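First to last, the sequence lines map onto chains U and V. Under our numbering, think of the first position of the first sequence as 614, with each following residue one higher. Under our numbering, think of the first position of the second sequence as 614, with each following residue one higher.
No lab work stands behind these hints, which were simulated from the structure alone. One thing to keep in mind: the hints can contain errors.
Copies of the same chain look alike in the list, so a pair counts if it fits in one copy or across any two.
Calculated lysine-lysine pairs in the DSSO-like style (CA-CA distance at most 30 Å, straight line) [unchecked claim]:
no.	residue 1	residue 2
1	K710	K841
2	K671	K762
3	K762	K913
4	K913	K823
5	K882	K671
6	K913	K710
7	K882	K823
8	K913	K870
9	K913	K830
Nothing here was measured: the structure is a model prediction, and the numbers come from that model.
Protein chains: 2
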Amino acid sequence: MKIQMESGQNKRQIGRHVKLAGMGRALAGNVMNFDGGTRYRLRTGETLLDLAEEAAEKALAEAGMGMEDVDCIVCAMATPLQAIPCNAALVHERMAKGMHIPAMDINTTCTSFISALDVMSCMIEAGRYGTVLILSGDTASAALNPGQKESYELFSDGAAAGVLVKADPGEASGILYARQCTWSEGAHDTEIRGGGGLLHAFSLTEENRKDYYFDMKGIQILRLCARKLPGFVEDCLREAGVAREEIQAVVPHQASKALDVIMPRLGFKKGTYINRVSAYGNMVSASVPFALCEAIQEGKIRRGDLVLLMGTAAGLTVNFMLLRY
Amino acid sequence: MKIQMESGQNKRQIGRHVKLAGMGRALAGNVMNFDGGTRYRLRTGETLLDLAEEAAEKALAEAGMGMEDVDCIVCAMATPLQAIPCNAALVHERMAKGMHIPAMDINTTCTSFISALDVMSCMIEAGRYGTVLILSGDTASAALNPGQKESYELFSDGAAAGVLVKADPGEASGILYARQCTWSEGAHDTEIRGGGGLLHAFSLTEENRKDYYFDMKGIQILRLCARKLPGFVEDCLREAGVAREEIQAVVPHQASKALDVIMPRLGFKKGTYINRVSAYGNMVSASVPFALCEAIQEGKIRRGDLVLLMGTAAGLTVNFMLLRY
Chain U
614 MKIQMESGQN
624 KRQIGRHVKL
634 AGMGRALAGN
644 VMNFDGGTRY
654 RLRTGETLLD
664 LAEEAAEKAL
674 AEAGMGMEDV
684 DCIVCAMATP
694 LQAIPCNAAL
704 VHERMAKGMH
714 IPAMDINTTC
724 TSFISALDVM
734 SCMIEAGRYG
744 TVLILSGDTA
754 SAALNPGQKE
764 SYELFSDGAA
774 AGVLVKADPG
784 EASGILYARQ
794 CTWSEGAHDT
804 EIRGGGGLLH
814 AFSLTEENRK
824 DYYFDMKGIQ
834 ILRLCARKLP
844 GFVEDCLREA
854 GVAREEIQAV
864 VPHQASKALD
874 VIMPRLGFKK
884 GTYINRVSAY
894 GNMVSASVPF
904 ALCEAIQEGK
914 IRRGDLVLLM
924 GTAAGLTVNF
934 MLLRY
Chain V
614 MKIQMESGQN
624 KRQIGRHVKL
634 AGMGRALAGN
644 VMNFDGGTRY
654 RLRTGETLLD
664 LAEEAAEKAL
674 AEAGMGMEDV
684 DCIVCAMATP
694 LQAIPCNAAL
704 VHERMAKGMH
714 IPAMDINTTC
724 TSFISALDVM
734 SCMIEAGRYG
744 TVLILSGDTA
754 SAALNPGQKE
764 SYELFSDGAA
774 AGVLVKADPG
784 EASGILYARQ
794 CTWSEGAHDT
804 EIRGGGGLLH
814 AFSLTEENRK
824 DYYFDMKGIQ
834 ILRLCARKLP
844 GFVEDCLREA
854 GVAREEIQAV
864 VPHQASKALD
874 VIMPRLGFKK
884 GTYINRVSAY
894 GNMVSASVPF
904 ALCEAIQEGK
914 IRRGDLVLLM
924 GTAAGLTVNF
934 MLLRY
């Protein structure tokens with residue numbers, strides 16, 4: 614609490630008059646069934662770029678826009694498609710080749726979409742950009758360890774996208790409150806150690822192969838969450854001046870089936886938040902925008918509703934955002 | 614030009630009253646000499662995290678601050694340290710373990726530091742954060758191809774950091790103008806194809822080994838730059854309402870020795886911009902903040918000076934920022 618009170622964060626947050634003008638989602642084509650539910654994995658020849666493009670085209674269509682209306686392309690993804698360039702440049706190549714729209718990646722792992730909304734709404738508020746296309750999605754299937762059943766059967770490959778615009782003066786839409794915390798005690802509870810600069814692809818051997826797989830220490834994550842999340846959520850609600858009952862929809866990151874353990878502990882009863890883990894599993898950065906998009910399409914979230922986006926991410930990072938849809 | 618005029622970008626940019634309160638830099642410990650100049654590469658046991666921490670500690674010391682004053686840790690780096698979590702979470706573990714400061718990555722490859730200044734100055738202006746620690750740096754040496762002399766002898770491993778704060782009302786410091794463009798015609802002119810979700814570490818073979826090396830098509834990049842940059846720079850200067858003569862210091866990305874070919878074509882005569890390519894080579898995302906930090910330390914840039922940060926990045930992305938230091 615000491616840091617929070619002394620720091621500039623959250624003390625003078627202003628509302629940001631932005632609106633999600635359109636959203637879209639896409640699933641990989643290979644459907645698999647496990648005990649825990651249905652999962653989607655990339656087919657041979659299919660890449661995350663295909664899914665990202667499909668989701669973004671749907672989002673633009675819903676917004677009644679084309680790429681020529683977009684001022685910035687943001688990839689809010691947890692993992693790189695290539696080591697260089699950034700993911701957004703590769704999406705740009707697919708969707709905006711020949712145009713000069715800036716492309717940028719924003720990454721807080723599984724909550725990257727929430728962070729991107731947070732960041733880009735400030736840029737819109739500052740007049741820096743008018744319309745931003747945000748894409749999330751990851752190739753989870755590339756690094757799953759068949760020997761770690763808990764994670765191997767959990768993930769899906771999917772993508773989701775949203776078009777963020779300045780809201781008209783008469784519209785209620787906006788971001789009311791956003792907060793992120795990172796507790797790096799959990800930095801190695803969810804990780805893929807290999808593949809980057811610390812343990813390069815060239816260092817892969819039969820002996821260290823497991824370092825290149827996704828590795829999740831479920832019990833440790835739950836313990837850290839149990840210690841940190843209740844206080845965090847209470848702080849956020851108090852700072853935002855919002856009661857749980859005022860929130861029409863809660864869209865948490867679809868981390869695992871432990872969602873039904875964690876959310877009630879945070880004061881959100883079963884049935885009051887969206888849980889699509891059995892239908893789709895964990896789609897890493899795509900989970901939150903995918904679930905949000907689906908809820909909007911199914912009429913569970915309507916214009917003017919107060920929506921809570923929240924989630925834990927590798928880091929351990931946690932994001933909390935109150936959005937008037 | 615059409616898109617630019619129709620879009621919201623840059624039309625109503627407001628000045629952002631922020632200040633770089635402190636900067637720091639660090640070089641890898643293994644010094645090598647090539648024809649093109651001196652290069653620095655990580656020693657055995659040394660990692661980019663060591664350099665990033667050293668640079669950040671210097672930046673904080675110069676700002677008269679400690680980690681407890683920081684509201685957000687941003688890694689503005691081109692390449693991942695691990696596939697998961699994001700780089701900023703790993704820096705957090707080094708420097709802020711036990712604290713709950715949010716950690717986030719922002720990536721536009723070599724111009725990531727400029728993009729992070731652009732983004733975070735909007736967040737500061739919106740009241741979202743007060744003090745932001747931005748770190749840049751990459752492990753270039755991990756992916757250099759000994760068979761591609763042009764790039765093998767060009768890169769150094771280094772890091773640089775800056776502390777960005779809200780400027781006091783009486784201070785002249787601020788960001789006057791920022792613009793980014795991405796032309797994805799150049800997406801594959803500078804790249805590391807392997808290591809991410811499209812071509813995973815597990816797919817590495819003796820045959821495709823070159824796909825995991827840094828690959829630079831120098832001539833193609835120069836051609837695309839020659840076609841795009843002159844118009845871009847003129848547009849920026851005109852939109853900003855600033856003449857070249859008013860700028861006290863130009864800090865370009867230290868892309869290669871071609872700097873002395875490109876900059877004069879953009880109207881910046883040899884000697885009017887900082888060129889440290891022979892001293893340090895290309896330090897990827899660290900190049901711009903490292904050169905900026907050095908120029909400040911050497912008294913070449915003083916408080917109140919109008920500074921132009923600019924550079925090309927894999928993408929092809931180009932960033933242009935006018936900063937009153």
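**Request:** Give the relationship of K882 and K823 under a CA distance limit of 30 Å: within one copy only, between copies only, both, or neither.
**Result:** Close neither inside one copy (37 Å) nor across copies (53 Å); limit 30 Å.
**Message:** Within, between, both or neither: how does the pair K913, K823 come out at a Cα-Cα threshold of 30 Å?
**Reply:** Result: close neither inside a copy nor across copies, 41 Å intra and 50 Å inter.
**Prompt:** Within a copy, between copies, both or neither: where do K913 and K710 come within 30 Å Cα-Cα?
**Reply:** Classified as neither; 36 Å inside a copy, 40 Å across copies.
**Item:** Status of K841 relative to K710 across identical chains (alpha carbons, at most 30 Å)
**Value:** So K710 and K841 pass the 30 Å test across copies only (14 Å; inside, 44 Å).
**Request:** Up to 30 Å between alpha-carbons, please classify K762 paired with K913: within, between, both or neither.
**Result:** neither (33 Å within a copy, 58 Å between copies)
**Prompt:** Should K882 paired with K671 be assigned to within, between, both, or neither, using CA atoms and 30 Å as the limit?
**Reply:** neither (32 Å within a copy, 48 Å between copies)
**Item:** Status of K830 relative to K913 across identical chains (alpha carbons, at most 30 Å)
**Value:** neither (33 Å within a copy, 50 Å between copies)
**Item:** Up to 30 Å CA-CA - K870 versus K913, copy category
**Value:** This pair counts as within: shortest intra-copy Cα distance 21 Å, inter-copy 58 Å.
**Asked** Is it within, between, both or neither when you check K671 against K762 at 30 Å Cα-Cα?
**Response** This pair counts as neither: shortest intra-copy Cα distance 34 Å, inter-copy 45 Å.
This entry does not satisfy hints 2, 3, 4, 5, 6, 7 and 9, going by the numbered hints stated previously.
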